[in-house]
Every structure is written in structure tokens, then in C-alpha cells.
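Enquirer: Here the structure of chain W is known, so what remains is to put chain X with the ligands in place on it, guided by the hints.
Protein chains: 2
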Amino acid sequence: DEAAMSSGVSSDPYACDPPRHPVLIVNSSKPFNAETPAEILTASYFTPNAFFYKRNHLPVPDIDPEAYRLEVRGEGIPTPVFLSLEELKKKFPKQEVVATLQCAGNRRKEMTHVRPVKGLNWNIGALGNARWGGVWLRDVLLYAGFQEDDTQVKHVQFEGRDQDVTGSAYGSSIPLHKAVAEKNDVLLAYEMNGDELPRDHGFPIRVVVPGVVGARSVKWLHRIVLSREESRSHWQRNDYKGFSPSVDWTNVDFSKAPAIQELPVQSAITEPAEGAQVLADDGDLVVRGYAWSGGGREVVRVDVSLDGGCTWNVAQLEPPYVSEDDRNAQQTEEGRAWAWKLWTLQAPLPAEGGKLEIVCKAVDSSYNVQPESFEPIWNLRGVLSNAWHH
Amino acid sequence: DEAAMSSGVSSDPYACDPPRHPVLIVNSSKPFNAETPAEILTASYFTPNAFFYKRNHLPVPDIDPEAYRLEVRGEGIPTPVFLSLEELKKKFPKQEVVATLQCAGNRRKEMTHVRPVKGLNWNIGALGNARWGGVWLRDVLLYAGFQEDDTQVKHVQFEGRDQDVTGSAYGSSIPLHKAVAEKNDVLLAYEMNGDELPRDHGFPIRVVVPGVVGARSVKWLHRIVLSREESRSHWQRNDYKGFSPSVDWTNVDFSKAPAIQELPVQSAITEPAEGAQVLADDGDLVVRGYAWSGGGREVVRVDVSLDGGCTWNVAQLEPPYVSEDDRNAQQTEEGRAWAWKLWTLQAPLPAEGGKLEIVCKAVDSSYNVQPESFEPIWNLRGVLSNAWHH
Ligand SMILES: [Mo]
Ligand SMILES: [Mo]
Chain W
1 DEAAMSSGVS SDPYACDPPR HPVLIVNSSK PFNAETPAEI LTASYFTPNA FFYKRNHLPV
61 PDIDPEAYRL EVRGEGIPTP VFLSLEELKK KFPKQEVVAT LQCAGNRRKE MTHVRPVKGL
121 NWNIGALGNA RWGGVWLRDV LLYAGFQEDD TQVKHVQFEG RDQDVTGSAY GSSIPLHKAV
181 AEKNDVLLAY EMNGDELPRD HGFPIRVVVP GVVGARSVKW LHRIVLSREE SRSHWQRNDY
241 KGFSPSVDWT NVDFSKAPAI QELPVQSAIT EPAEGAQVLA DDGDLVVRGY AWSGGGREVV
301 RVDVSLDGGC TWNVAQLEPP YVSEDDRNAQ QTEEGRAWAW KLWTLQAPLP AEGGKLEIVC
361 KAVDSSYNVQ PESFEPIWNL RGVLSNAWHH
Chain X
1001 DEAAMSSGVS SDPYACDPPR HPVLIVNSSK PFNAETPAEI LTASYFTPNA FFYKRNHLPV
1061 PDIDPEAYRL EVRGEGIPTP VFLSLEELKK KFPKQEVVAT LQCAGNRRKE MTHVRPVKGL
1121 NWNIGALGNA RWGGVWLRDV LLYAGFQEDD TQVKHVQFEG RDQDVTGSAY GSSIPLHKAV
1181 AEKNDVLLAY EMNGDELPRD HGFPIRVVVP GVVGARSVKW LHRIVLSREE SRSHWQRNDY
1241 KGFSPSVDWT NVDFSKAPAI QELPVQSAIT EPAEGAQVLA DDGDLVVRGY AWSGGGREVV
1301 RVDVSLDGGC TWNVAQLEPP YVSEDDRNAQ QTEEGRAWAW KLWTLQAPLP AEGGKLEIVC
1361 KAVDSSYNVQ PESFEPIWNL RGVLSNAWHH
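Protein chains in written order, with the numbering used here: chain W, 1 to 390; chain X, 1001 to 1390.
If we strip away everything but chain W, and leave its shape as in the complex, we get (with noise of 0.2 Å):
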């Protein structure tokens, strides 16, 4: 029966979901979740649109550009604002920033072989750079009527156009002085490394939020609303949080813990592959990776061993490729350190052979470094999963 199959594809609520480059690592279909190759990862500065991680919480929407309004309302908004696509991008300045992007799961597969966890099975590549175009998200609110000595306002709350068959949306929220502060370059994207921000990642527009937990950035933004408190969903007030080893779904409580906002430093090795063969007679051997901190803190270090943790070399910190174009959305001062820096090590093979343990550890401009082992950061939804990488 021709008509009945047809009915039933149409009632998958994932059925209009846009096509996927094959080489991403699917971790999860319905939503759809996948994860960029480590080989892939930083073969280049700029992480290339279709293989840029992706992570839906719901199927994705999809929204006539033309019929698109973002709502802005709330405490300290007079009355509420909607803006078209082409308001948005006729009333305000184009800006640019370029800005590292990840999970809060990130690298959770290793966390799971010391006790599982739940969540989507994350290896190292659920992390991506990209340079972001829009509107910074400042300057709408101050168009809204936002004053900014108002007091009473605390958080900036999003809400997404993805939504369950509840009609619930996603939602998260980012305190007020993230979102206003000059320094904290939030966007209002319809951009993403030069071209228009595909449908995955959150067509027409979506929050960008630099330094932050991916799942603050809100794709397919609907609507903001400003707020004295934390968006009421899910994944800002259940989920997406830090938790003490000790505390398992029996005992956990949600609102002892605070929404994942900055994320601390991280660093992953994405060559050689884990198992690959590395010949004496190659020359020196080449490790390559990334590294990264929340909070616009920049890395300053980065640590490779090639004994498991008992010597250690530097590695050679990347300067970024930057054409001029990318020159100007690169935020160089101080504290806006959004994007990752990729890093090399060059070094002897060890002369005597043998498997080699190669280990990276890095270090912040705050002088934050990373956690030798899993165990003691294990937490029950397998998030900040920044222990050294083997």
C-alpha cells in the first residue's frame, strides 16, 4: 500500500532533515548526532561546514527565511520586538568572530570506561572552529529597549524552533553581563565561515556564544527573552551540569550544581591514529592536535609525552591561517581567546622501539591545566570529559 508508506514517512518527524556528508561519524541518527573524524579535525583552522560536528537535541526545523521573525521580550523590554531576517541584517552591523564550539560531552567515551554514564557516545570530535557571521546580540537588545543599568534582568534566555512532539523547544539562557559585555562577542549568526549558516547548524539564525558550552549557542533561534532567572528547561536545569564522582542517579539533585556555562581547558591528539604503525625510518615522528579553554583564555602550553605521562615535550602552537578577511573577525585582545590552537610536535622516534604512549596536556592563560585521569572527574552525564588524552 503505496499511500500508507508514504503517510508513514511523512509522520517521522526527522523526515525533513537536510542530507549529511557521509564521512561524519554518526553517533546518534534520530536526533541526528555526529561527530568529525580526529584525521579530519585539524587537517585545517577552519573546521569545513559539512563536517562540522552536529549536535540536535530534535529534529530539524524547517523555517521559511522569508516568513522568519526572532521575537525579543521580557523584563526591561518595553514592548516586544520582532525582527525579520533581513531587518536583522539591514538595522545592525555585520561582525564577525571566530569561535571554537563544543559539546559538553565531548570526549565522553573515555569517561565511560570507568563507569558508564548516560549520553551520546562522543569521542574526540564533537568540537569544531569556525568564523561566525551576524549581528553582535548586544546591539539587539539595546535596540529592543534593553537599558543597561537595569537591575532586575540576570539572564538572557533562548529558546530554538526545534521542538518535541510536545511542542516544547529547546531553551537555554547565558547570565546578562555574558551576553552584554562588548568583550564577550555574543552573535546573532546567519554565517558560518563565509557562507549561509546551513540548515544543521541553525538556519536562519543562531546564538553563538564564545568560550561557552556548545548547548548555550541556540540553534534555529526563536525567540529571546530577558529574564531574573535561568531558563526553566531541561538542559539548562536538568542536564548539562557538573557532578561530584560520588553522586549517582539515586542521589543526584539538579539544582545543587550550575548550569555548564565556561568550559575548562581541553586537548585532544588527532594524529598519529590510535594503533598506527610509526616506522623508525619515517624520520622524526609527528604528533598533531588541539587544544582549547573556555572563557576566552587562550593556551599557552601545550604538553606531549611520549612515555604515558613521564617525560614531556612542548609542542609548537600553530599560528592560526588567516586570510584578511579572517584577520578581522580574529579577536586578539586579551580574555577573547575563542578559537582553538592547533599544535604540532616534532620529535625523535625513541631509539629502543617498542609501542609508544603518546600523551597531551594542556595549559591556559589562566594556568588551568587538565586532570591526569578519568576517575576523579567522572560524573554521571559523562560532561567536561577533559582528562589528559591518550
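Among the clues, some could well be false.
[To be verified] Cut-off 30 Å, straight-line C-alpha distance, at most; resulting in silico cross-link-like pairs (DSS-like, lysine-lysine):
| # | chain 1 | residue 1 | chain 2 | residue 2 |
| --- | --- | --- | --- | --- |
| 1 | X | 1154 | W | 94 |
| 2 | W | 154 | X | 1183 |
| 3 | X | 1030 | X | 1094 |
| 4 | X | 1030 | X | 1090 |
| 5 | X | 1355 | X | 1109 |
| 6 | W | 94 | W | 154 |
| 7 | X | 1154 | X | 1094 |
| 8 | W | 355 | W | 109 |
| 9 | W | 183 | X | 1183 |
| 10 | W | 183 | W | 90 |
| 11 | X | 1094 | X | 1183 |
| 12 | W | 91 | W | 154 |
| 13 | X | 1256 | W | 183 |
| 14 | X | 1094 | W | 154 |
| 15 | W | 183 | X | 1094 |
| 16 | X | 1183 | W | 256 |
| 17 | X | 1183 | X | 1091 |
| 18 | W | 94 | X | 1183 |
| 19 | W | 183 | X | 1109 |
| 20 | X | 1256 | X | 1118 |
| 21 | W | 90 | W | 30 |
Because the hints were derived from the structure by calculation, they are not lab data. No experiment lies behind these values; they were computed from the predicted model shown.
Expert: Leaving out everything else, chain X with the ligands in the frame of chain W:
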């Protein structure tokens, strides 16, 4: 020969140093460097001035408050400005901030167990918490004619009145944005816990840079110089920096690491004392300590283990005891957690008895954690020593 003897005494550049409380643990007497005993450290939220750690690089200058002038000069300042102590107090509103200061070398002693380092042998008491009263550095810079839209000035240099025999003064600098952003609460202090600033703490004026290593909170402030570059002082350029464990005195290049500014997350146990007998009939075991993080990041959790780090308990974070006065000085806005948190764990003694191995580790609001051990963070100057405390 009494005349000669007396001349010999007065030629000691430390002869005019102030008296100190005998309870302090002295690491060096000339210059005077001494820390607070562990049992006193967490006895009160505010560290009494007499017990607050003293970290002097040079003799304590003897400054006549009537003759004192603070000089403000450099790029972006049209004409050097000189302010007397009275002018500072009268021209600018009095401000207060509660902030913890920590020496870069706090807990160095533990790091030396890995390999020797150069530096004073601080245990866990080279930090303290105080209510500082004074005027905003920001206000003074604007008064001296600095324009906020200046794009040349990148650093604010501080010069002390403490000098070595060659006349060279202690100095350091902080980035401009740190100095002028209102939210950073950088103070020129003339009061400490409600009293006149003691001589050992910088009388008549010291800088207090909340969230930043103590070394930048220059005491006996003589001169503020705005500049395109960091302070050229030894302590800014060739000291107070972190390096990889692979770097030693034969290969260190101080130009390769950033000057320490914001410090990483830290914590320590103050009770029970190392080696103390804890009897089962005492009832519950009570463990106390402190935790703090740099950059205004709040401590959000302290985990305490009684079994060397195998299992963890979540400690109680004490609400700060604050009078009405103190409450006004406490910055409660997010990202302005300048003060330490004292914590307590009350837990039943393990039934089996035997040796307890108590360990603590803290987590800050960016979910940064302390590293497990000292080996991987060992550095030749023994700074940034923030591994788990046993
Ligand atoms: Mo995420
Ligand atoms: Mo220090």
C-alpha cells in the same frame, strides 16, 4: 666600640622593618616572609591583619604619610599627576572589596617533594582573605586623564617604594582591561579589614588586584605608569611564570611563558592537622579547609576523600560570615567571586579505624579542577602548586 656597633646596626636595611606577631611561620627574615599557621587560617572568614601572610621582596619602606605622593604617568596621561594620601581619600569615593590574595608560591613545599625548586618553602598558608578599603584604580586613571577609548595603552605598571641597594624598586604590571573594567574591582587600598593598611601590607597605599596572583598587588605604591608594554621588572619578566616539567635552569627561556595573572583553582585541608590522632569516640570526623580560584571564578564544589582519593564526599561550603559593612564590600555579581570559601566536611569515621588519608580537591565555576599530583605540574620556580591536598 658602641658607636661602631650602632652604626653597624643602622646599616642593616631591614632595621626599620615593623614588629611581627610571633605566631607567624617565618620562611625568611630578611626580607620578611612568613605564613599563617594552618589552624589559624580557617578560624575566621577574614584573616586578621597580624596573622595575614607577609610576602616582602625587599626591606619595608618607612613612608611619611604627609609627604607621600602617588604619581600617575605614561602613555595616555597628558601630564603626570601627583596625589597625596589626603587627596586620594577626598577626591574619590571610598570603595570596599572582599578579596583573597595568594602568593604564586603557596604550597610550593609539596612540589619540592618531586624535585627541588628555587623559592621560599611555603606550606598552605601563603594566602589570606581581607576586606580592603580604598579607591578604584579605574577612578584614579580617569581622573589623571586616561581616555577609555585609548588604543595604545596595553598595560598598567606599578612601582613600589621598596628598593634594593642599587635603588631598583619592586614592580609589576597588569593588562589594561583588567585595570579599567569596572567589574574587575581593582583597588588602591588604604585600609585592611577596617584598619589603616599595616606597614607590612603596603602602608600607605597598595594595589589590590582581585583574582590575580599576589605579586601584582604592589605594596607601598609609588608610581603608576601606563604603557604599551609590561613592566620590565625582574618579577614581571623573569619570575612568576609557569613552565613545563621538562624545562630546567639550563634551558629555561622566560620570554616563552606569560606572566602569571589569574591563578588556577586551589584548595587545602587545615583540620585535622597532619598526623593528628582522631578518636572514634569523638563522634563524627570534622574536616575543614579553604578553596579559591582566580579570575573571579567561584568555587562551586569541594570534594573530600577519607581514603586517599578512592571515594569522595561533597563538603559543605560555608556562607561567609558578614556584618552589614562586609556585605556592602562583598561583590555578589557573577564572575566577581574574589573571596575564598571555607568548607567543612562532617562524616562518620570509617568503622575499621586505622590510618585516614584525607584529600581535597575543588571545582570552580568554569568547572576547572585541580590536578591529581605534583609531578606533571612541577616547574623550576615551584609556582602554581595546586595539586590535590593530602
Ligand atoms: Mo552539547
Ligand atoms: Mo608571591
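Enquirer: Does each hint hold? Answer for all of them.
Expert: For each hint, the structure was consulted:
1. X/1154 with W/94: This hinted pair holds, its Cα atoms lying about 27 Å apart.
2. W/154 with X/1183: holds (15 Å)
3. X/1030 with X/1094: The given pair, whose Cα atoms are some 34 Å apart, is violated under the 30 Å limit.
4. X/1030 with X/1090: Not satisfied, since the Cα-Cα distance of roughly 36 Å exceeds 30 Å.
5. X/1355 with X/1109: holds (23 Å)
6. W/94 with W/154: Between residue 94 of chain W and residue 154 of chain W the Cα gap is close to 27 Å, so the pair holds against 30 Å.
7. X/1154 with X/1094: holds (27 Å)
8. W/355 with W/109: holds (23 Å)
9. W/183 with X/1183: holds (12 Å)
10. W/183 with W/90: holds (23 Å)
11. X/1094 with X/1183: Within the cut-off at roughly 16 Å; holds.
12. W/91 with W/154: With Cα atoms ~26 Å apart, residue 91 of chain W and residue 154 of chain W stay inside 30 Å; holds.
13. X/1256 with W/183: holds (26 Å)
14. X/1094 with W/154: holds (27 Å)
15. W/183 with X/1094: Judged against 30 Å, a Cα distance of about 28 Å means the pair holds.
16. X/1183 with W/256: Holds. Residue 1183 of chain X to residue 256 of chain W sits at ~26 Å (cutoff 30 Å).
17. X/1183 with X/1091: holds (21 Å)
18. W/94 with X/1183: Within the cut-off at roughly 28 Å; holds.
19. W/183 with X/1109: Violated. Residue 183 of chain W to residue 1109 of chain X sits at ~38 Å, over the 30 Å cutoff.
20. X/1256 with X/1118: Holds: residue 1256 of chain X and residue 1118 of chain X sit about 19 Å apart, inside 30 Å.
21. W/90 with W/30: violated (36 Å)
Hint compliance for this structure: hints 3, 4, 19, 21 are not met, and every other hint is.
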